[in-house]
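K.L.:
Now for the letters of each chain:
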Amino acid sequence: MSAVTFLTRTRGRRALDWTDWLSYVYLALGLFLMFGPVLWLVMSSFKTESALTEFPPSFLPYGQKQVMVPGEDKPRPVYRVKLPDGSVRELPELRRIGLMATHVDPARPDEPIRVNINDREPVREFRLATENYSDLGGKFNFGLYLWNSVFITVVATILTLLFNSMAAFALSKYQFRGRGGVFLLILGTLMVPPAIVLVPNFLVVAELGLLNSLWGVIWPAVATPTGVFLLRQYMLTIPDELLEAARMDHASEWRIYWRIVLPLSAPALAVLAIFSTMWRWNDFLWPLIVLSKSEKFTLQLALNAFQGDLVTQWNYLLAMTVITLLPITLVFAFLQKYIAQGIASAGVK
Amino acid sequence: MRQDARTPWFFLGPNLVIFGVFTFLPIVINLYYAFTGGVQLYPRDRPYVGFENLATLLDCGSYFDPSSCRKDIFWRAVWNTARFSVFQVSLMVLFSLGTALVLNRKIIGRGFWRGVYFYPVLLSPVVVALIWKWVLQREGLLNAGMVAAGANPVLWLAEPGWAFFWVIFVSIWAHMGFYTLILLAGLQAIPADLYEAAQMDRASPWRTLYRITLPLLLPNLLVVLVLAAIRAVQIFDEVFVLTGGGPGSATTFVVQFIYQTGFQEQVRLYGLAAAGSLLLALALVVLTLIQLRATRADKAGERAR
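Respectively, the protein sequence lines represent chains A and B.
Note that my numbering has the first sequence beginning at 19, numbered continuously upward.
Note that my numbering has the second sequence beginning at 955, numbered continuously upward.
Calculated from the structure, these hints are not laboratory results.
Positions of the beta carbon are idealized from the N, C-alpha and C atoms, including for glycine.
Check each hint, because a few of them may be wrong.
Quick list of the computed label-pair ranges, beta carbon to beta carbon [claimed, not checked]: (1) A:Gly-206 <-> B:Arg-1059: 36 to 44 Å; (2) B:Ser-1022 <-> A:Ser-312: 40 to 48 Å; (3) B:Val-1040 <-> A:Phe-77: 36 to 44 Å; (4) B:Phe-1119 <-> A:Pro-95: 40 to 48 Å; (5) A:Val-43 <-> B:Phe-1119: 17 to 25 Å; (6) A:Asp-327 <-> B:Ala-959: 57 to 65 Å; (7) A:Val-172 <-> B:Pro-1001: 42 to 50 Å.
Please work from the sequences and hints to get the whole structure.
P.N.:
This is the structure in structure tokens:
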């Protein structure tokens, strides 16, 4: 069997025909288009500020080689220097004044060599500029933005799970007047996207004293029609006999909800938790309106503010972007299956 | 055993209170804002102006020529949104259909490939915009490619036509995986025996596509079409970060008009912003009604299977 037929045979004995090849070409193109830009962003985030201004850019992050010189407290950049005698050596620079630079051989630190800057070029090596990441905390209040984002995401998700499961419990396990109406009312809010009620919601949040407070982002977000719908559909599948048995044992209604229905709904709760985490982590328009003080910014708002600056420090901005997409990428890597199921079952994102 | 009639309302309480305060009450207040003027936020300080806000927005020499309108930026935004929606939605449906068809074939590693297209769906709009801004910038990856191919670099986001193109491209890039997933679920619900029968009859692949796959997928396609349209009309986040609505007003859309009028300008014209929201809501109601009909068709289609 030749290598080609071996590699192209499929389970059904049929060899790959041209439509299969076309499919794989399409998929490979998709792979390149979907992940290429993200990979490029990650690569760029490890480049130094000066490497970022290079054109054409290199794929891998290169930085100027640096070495320690005795008598200096910081590592010095290394250049390939053409010496007066015509030989070329790699020497670190001590200082530079105008057109003349002073270099030195680390082995003989007391013999400085002065060269014209036209007679040298920087020595580049593969180097990850991890300082783009480590500087973030000190320079940009990055820790604060991260904390704001995490706080909003975690608290809003917990409240979403609690409130939505309570409503779903009532709508799936009780017969009462107005049940259908309430359910329709809740589903109806799907038709009122935040963009429609920006101005009045701003007033409501202002009246509640929640402007520039993280709670101003959390409270409007915790009742989601999607969540109620998803959980209700799942709870309908829990047999009522379980609840009746518990009532026979004089369990309170809250206990039935908390100890029986909630644990049994764990799979649906997990799906909603994933969705809620993504929604809140990625929120932009509403936080943009409620949080105008920079110490209340979420990561998304901070990114937006920095990219709009007159002088954008792209090396830091790129590093911050990578950190922002990291949690979502982890969610994607490990929980993709559940998200796909959630979308297929509820048709929402 | 009789249960207390108040119990279900206790469980519904928190949700209903939040919906009431942050969704239903605002709908009413939005009407109040739309019919009052001035720059004050607090309702009692706002004078009643009747239809003035709506009239300001709708005052046009010709609706097809934004520069003849009193609020020309609003009509530019409306036309941009319309143009964007038509192109974005049709291309989105086309590409997600193509991708779903490919993913539905007997391919190795389907889960992986499905994930590839789905990944950008999870990214935040801000991150999506920054990823592409970095590729499209003056000395970015794409221009490096242009130079390597012997062409001149292009200012992708500074030329109106290109900026509009990239806004459409990036939004399709970011959301296509979602619609692909819906269509893929639809494709997998088509009974396999239909295809077996077609194979027995030696139907060509094209004929199978036109006579079996597409007709049976039509309800899902309608749902995708309307969902994408509802989203497209509300486009804001990615574009705001990617182009800021520029160059000029080439990529300014309706939601950005509302945001700018109500929150970004020195003089905050809440009434005008609310009137804009009202008109946007109208468009959404129409689209949602279409969606309800499409969903009904979807259900009917399922029964027919």
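K.L.:
For each hint, tell me whether it holds in the structure or not.
P.N.:
Hints and how they fare:
1. A:Gly-206 <-> B:Arg-1059: 36 to 44 Å: Because 40 Å falls inside the window, the suggested range holds.
2. B:Ser-1022 <-> A:Ser-312: 40 to 48 Å: Hint holds: Cβ distance 41 Å, inside 40 to 48 Å.
3. B:Val-1040 <-> A:Phe-77: 36 to 44 Å: At roughly 37 Å between Cβ atoms, A:Phe-77 and B:Val-1040 fall inside 36 to 44 Å, so the hint holds.
4. B:Phe-1119 <-> A:Pro-95: 40 to 48 Å: With a Cβ separation near 42 Å, B:Phe-1119 and A:Pro-95 satisfy 40 to 48 Å, so the hint holds.
5. A:Val-43 <-> B:Phe-1119: 17 to 25 Å: For B:Phe-1119 against A:Val-43, whose Cβ atoms are near 24 Å apart, the range 17 to 25 Å holds.
6. A:Asp-327 <-> B:Ala-959: 57 to 65 Å: Holds, since A:Asp-327 and B:Ala-959 (Cβ atoms, about 59 Å apart) stay within the stated range.
7. A:Val-172 <-> B:Pro-1001: 42 to 50 Å: Check passed, 44 Å falls within 42 to 50 Å.
The structure is consistent with each of the numbered hints, conforming to all of them.
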